[in-house]
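Participant: Chain residues, written in single-letter form:
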Amino acid sequence: MNGRMYKYLAAVAVVTACVLLYVGKRVAWFEDMMFPTWLSILVCVLIAASMFWILLRTIKGKPAERRTVFLYVGIAVSLPLLMTISVHVPISTEGQLLFDGMKRIQPGSKVLVSFDYDPPSAPELQPMAEAFMRYCFERDIKVIIIGLWPQGPQQANLALAKLLAEPAISAKNLVYGVDYVNLGFQSGNEFVIQRMGSDFKSMFPADYRGTPYDSLPLVGNVRNFSGIDYSFNLSAGYPGTREWVLIGVDRFGLVMGAGNTAVQTTGMYPYVRSGQLKGILGGMSGAAEIEELTERLGKGAKFMVAQSFGHMVMIVFIVIGNVAYFLHERKKKKA
Amino acid sequence: MHHIALWVAAFLTLGIISFLYRDNAWYKICESVFVGISAGYWFVSYFWDNLYGKLWLGVFPRDPAQQPDYILLIGGALGVMMLLRLIPKIGWLSRWPLAFIVGATAGLNLIIYFASNVMVQVEDTIRPLFGANYSSSAYDIVGNIVVAVGTFAALIYFFFSKEHKGAFGGAAKVGIFVLMVTFGASFGYTVMSRISLLLGRIDFLMGDWLGVIK
Amino acid sequence: MRREIPLLITGIVGIVLVVAYFIPHFPFNRMADWSADWFSIVAAFAIWLGALNLFRLSIENVVKRKPGWGYAVVIIVCFLISAGVGFIEGRDFRNPGSASDWIYNYVYTPLSSTMFAILAFFVASASYRAFRARNLDATLLLLAAFFVMLGRVPIGDMLVGFLPEHWRLSDLSTWVMNFPNTAGQRAILIGIALGIVSSSLRIILGIERSHLGGD
Numbered sequence: 000m001n002g003r004m005y006k007y008l009a010a011v012a013v014v015t016a017c018v019l020l021y022v023g024k025r026v027a028w029f030e031d032m033m034f035p036t037w038l039s040i041l042v043c044v045l046i047a048a049s050m051f052w053i054l055l056r057t058i059k060g061k062p063a064e065r066r067t068v069f070l071y072v073g074i075a076v077s078l079p080l081l082m083t084i085s086v087h088v089p090i091s092t093e094g095q096l097l098f099d100g101m102k103r104i105q106p107g108s109k110v111l112v113s114f115d116y117d118p119p120s121a122p123e124l125q126p127m128a129e130a131f132m133r134y135c136f137e138r139d140i141k142v143i144i145i146g147l148w149p150q151g152p153q154q155a156n157l158a159l160a161k162l163l164a165e166p167a168i169s170a171k172n173l174v175y176g177v178d179y180v181n182l183g184f185q186s187g188n189e190f191v192i193q194r195m196g197s198d199f200k201s202m203f204p205a206d207y208r209g210t211p212y213d214s215l216p217l218v219g220n221v222r223n224f225s226g227i228d229y230s231f232n233l234s235a236g237y238p239g240t241r242e243w244v245l246i247g248v249d250r251f252g253l254v255m256g257a258g259n260t261a262v263q264t265t266g267m268y269p270y271v272r273s274g275q276l277k278g279i280l281g282g283m284s285g286a287a288e289i290e291e292l293t294e295r296l297g298k299g300a301k302f303m304v305a306q307s308f309g310h311m312v313m314i315v316f317i318v319i320g321n322v323a324y325f326l327h328e329r330k331k332k333k334a
Numbered sequence: 000m001h002h003i004a005l006w007v008a009a010f011l012t013l014g015i016i017s018f019l020y021r022d023n024a025w026y027k028i029c030e031s032v033f034v035g036i037s038a039g040y041w042f043v044s045y046f047w048d049n050l051y052g053k054l055w056l057g058v059f060p061r062d063p064a065q066q067p068d069y070i071l072l073i074g075g076a077l078g079v080m081m082l083l084r085l086i087p088k089i090g091w092l093s094r095w096p097l098a099f100i101v102g103a104t105a106g107l108n109l110i111i112y113f114a115s116n117v118m119v120q121v122e123d124t125i126r127p128l129f130g131a132n133y134s135s136s137a138y139d140i141v142g143n144i145v146v147a148v149g150t151f152a153a154l155i156y157f158f159f160s161k162e163h164k165g166a167f168g169g170a171a172k173v174g175i176f177v178l179m180v181t182f183g184a185s186f187g188y189t190v191m192s193r194i195s196l197l198l199g200r201i202d203f204l205m206g207d208w209l210g211v212i213k
Numbered sequence: 000m001r002r003e004i005p006l007l008i009t010g011i012v013g014i015v016l017v018v019a020y021f022i023p024h025f026p027f028n029r030m031a032d033w034s035a036d037w038f039s040i041v042a043a044f045a046i047w048l049g050a051l052n053l054f055r056l057s058i059e060n061v062v063k064r065k066p067g068w069g070y071a072v073v074i075i076v077c078f079l080i081s082a083g084v085g086f087i088e089g090r091d092f093r094n095p096g097s098a099s100d101w102i103y104n105y106v107y108t109p110l111s112s113t114m115f116a117i118l119a120f121f122v123a124s125a126s127y128r129a130f131r132a133r134n135l136d137a138t139l140l141l142l143a144a145f146f147v148m149l150g151r152v153p154i155g156d157m158l159v160g161f162l163p164e165h166w167r168l169s170d171l172s173t174w175v176m177n178f179p180n181t182a183g184q185r186a187i188l189i190g191i192a193l194g195i196v197s198s199s200l201r202i203i204l205g206i207e208r209s210h211l212g213g214d
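Protein chains in written order, with numbering that gives the first Met the number 0: chain G, 0 to 334; chain C, 0 to 213; chain Z, 0 to 214.
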């Protein structure tokens, strides 16, 4: 059999395994494949040993091929999801600051939540959105949703669907238009915020379903930002938190906290320090923080073990590369 | 239907991941599907939310009590001129809405960036280092000094009109160190972000699709 | 006149918005509101321009049988399906259970998410090959990255659990983020803001004309 035949056989084997797993789960052949503790430890030891082998090969001048690096990253991220390890999530000062701001929101207050992200950023921001809105719904805080990204309102609908199915929130019999409303998306980036500063209705004449603004009891008497008690922005880029700070906060006096993807969180720290932002959640760890603080662990906390392993593998690869580099340089100098 | 949906999603996910092995037709098809679907989604979103929801209903409101806002027609006209870019002979007309976009953005950004990113940030940098009434803790005092000195040094580094020599060069060197720490923190967060995104897809494949994790 | 009128539009709109910030009363507030409404509408048409241009280029690729024209057919078909379904379903196209919602959840979301997810692999590979602590600056960058990467996840504190509270990796990463990182980011913010101010002024005054393109 030549190489191509082996590849076809491997592909068929993988597809068969996937079908068996898929069917097996649905007909309850197995519950799940979570590792017992001893297996989790064994897997960690094996990964560490194999990385030591990569270190030796790299020092010998045979660096790992890029697909090997890809494989290790995939393993480092996938296998921890099968491990049952519980971890304590450290709370950052800015995450605590945000939560302290949330605790000051009174029942009956109106909170503006801006969904400024798309599906690629959902693993980081969706858990934050769910945790924040769950907190609001449990305390009878009204939620007004808008989006500066076209996918934002749809991400909001996904979060709402999940929350409204939870027993504690379902028991509250929340009414659309009274307890929460989704005004949808409007184009114009920072000009949307600018226009909302004078008149919400002009920028959002109807909600995402087409219900006229004045027919929605929750927003009927909200003219502009002065009718909003707190704002929470979920942002993955432009337009996002920066535009909200520049216009909503500094020009119209909005009180705002933010949840950002990790990539743009570092750039928001000056706003937190200057008080323009009342706290920030950064990336997956930020999502885990808000889940820990609101005492409702979800996907953010669940992924922290795998996140940790991913970071460790990344660091080890960088260290391996540098160790090999320095040894190589020393050899060159001696020669 | 849900089963078909999961397999379609898994097929597309694995198609994109197959690029890691090498460029192939499966990946290229998935990429083309992504481009087509995205363009269609944005096309429809902007139509219903903006062109119909704001422009059309603003000029021809369904509620008889609401006054038509004919001023929106100017925006509509500018928008149609933008579309004329597709016709080479009269494509030059698209410069008018483009000029409007650029002018509006410049006018707004000129003020808001100066007010927020310069005035407020400078004000916060020169806050009392030891706190009001010397009330800050040692941790905060050290932090305030680091922020004040670090910001100033980094700004000195960005001043390329003067040669970085002597005391000025020394301050610029401190600025570089501060910026290196900044970029390192950005790199660390970038790594975190990328791994989080990967985790999301792995969770779908192993959880929603194959069901091997809780 | 092909360049003069656009320059005039740029200047007038820019000045109106600047003045409206300081005099938020009639007529400037009204003019600023109009500008925001028009901007929103023109931005929507700009997206339409992009989508229609993509459609036009794909059709051109198919008609002229350029290399890879088969993929252009896929683009055209998917565009028509996505747009067609969205138009037919009307304003409720985002409602859970609609065909557009199905396409969004099971086609668009997996594709867009995975496109970004594979970046993790490339970051790892690039870091392994190129990230070297060749000098003090690079070493500082590397150390800051390590502290932040370990401090922001639980494993950081687990590794240094023997250290007293407030001296662990999570506290160190918090300090790095709140102080040196803030200092550097603030300097970058100020620098960028000053650049934006100067370029905005040049655009409004008509000194910068690159946005008008060639004639």
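Hints were generated in silico from the structure; no laboratory data involved.
No experiment lies behind these values; they were computed from the predicted model shown.
Note that the Cβ used here is the ideal one computed from N, Cα and C, for glycine as well.
Honestly, I wouldn't trust all of these hints.
Stated by the list, open to error - Coverage of chain Z stretches by chain G, computed from C-beta distances (three or more under 8 Å per stretch; other residues unrestricted):
1. 48-57
2. 72-84
3. 110-118
4. 130-142
5. 147-153
6. 170-181
7. 184-193
As the list claims (entries may be wrong) - Covered, in the sense of this in silico footprint (three residues per stretch, anywhere, with C-beta under 8 Å from a C-beta of chain Z), are these stretches of chain G:
8. 27-41
9. 76-90
10. 94-106
Said to hold, decoys possible - Far from chain Z by the CB rule (all over 10 Å, computed), these chain C residues:
11. Tyr-133
12. Phe-167
13. Gly-169
Participant: Quick one: see if chain G covers the stretch 147-153 of chain Z, three-plus residues with Cβ-Cβ under 8 Å.
Facilitator: Coverage by chain G holds here, the residue count being 6 at a Cβ distance below 8 Å.
Participant: Determine whether the non-interface label on C/Tyr-133 survives the test: each CB of chain Z must be over 10 Å from its CB.
Facilitator: 20 Å, holds
Participant: Can the stretch 72-84 of chain Z be counted as covered by chain G under the rule of three residues or more with Cβ-Cβ separation shorter than 8 Å?
Facilitator: violated (count 0)
Participant: Please settle this one: C/Phe-167 was flagged as non-interface, so is its CB more than 10 Å from every CB on chain Z?
Facilitator: Nearest chain Z Cβ is 16 Å from C/Phe-167, so the label holds.
Participant: Do three or more residues of the stretch 76-90 of chain G come closer than 8 Å to chain Z, measuring C-beta to C-beta?
Facilitator: holds (count 5)
Participant: Cut-off 8 Å, C-beta pairs, minimum 3 residues; does the coverage of the stretch 48-57 of chain Z by chain G stand?
Facilitator: violated (count 0)
Participant: Please count how many residues of the stretch 170-181 of chain Z have a CB within 8 Å of a CB from chain G and say whether that reaches 3.
Facilitator: Per the Cβ count (5), the hint holds.
Participant: Tell me whether the statement that chain Z covers the stretch 94-106 of chain G is true, taking a Cβ distance below 8 Å and needing three residues at minimum.
Facilitator: violated (count 0)
Participant: Can you tell me if the stretch 184-193 of chain Z counts as covered by chain G, using C-beta to C-beta distances under 8 Å and a minimum of three residues?
Facilitator: Holds: 4 residues of the stretch 184-193 of chain Z have a Cβ under 8 Å from chain G.
Participant: So is the stretch 130-142 of chain Z in contact with chain G by the C-beta rule, three or more residues under 8 Å, or is the coverage claim wrong?
Facilitator: n = 4 at 8 Å, threshold three: holds.
Participant: Using C-beta distances, would you say chain Z covers the stretch 27-41 of chain G, given that this needs three or more residues below 8 Å?
Facilitator: Three-residue rule not met by the stretch 27-41 of chain G, so violated; n is 0.
Participant: Beyond 10 Å from every Cβ of chain Z: is that where the Cβ of C/Gly-169 lies?
Facilitator: Per Cβ check, C/Gly-169 is outside 10 Å of chain Z; nearest 14 Å; holds.
Violated hints for the displayed structure, listed by number in ascending order: 1, 2, 8, 10.
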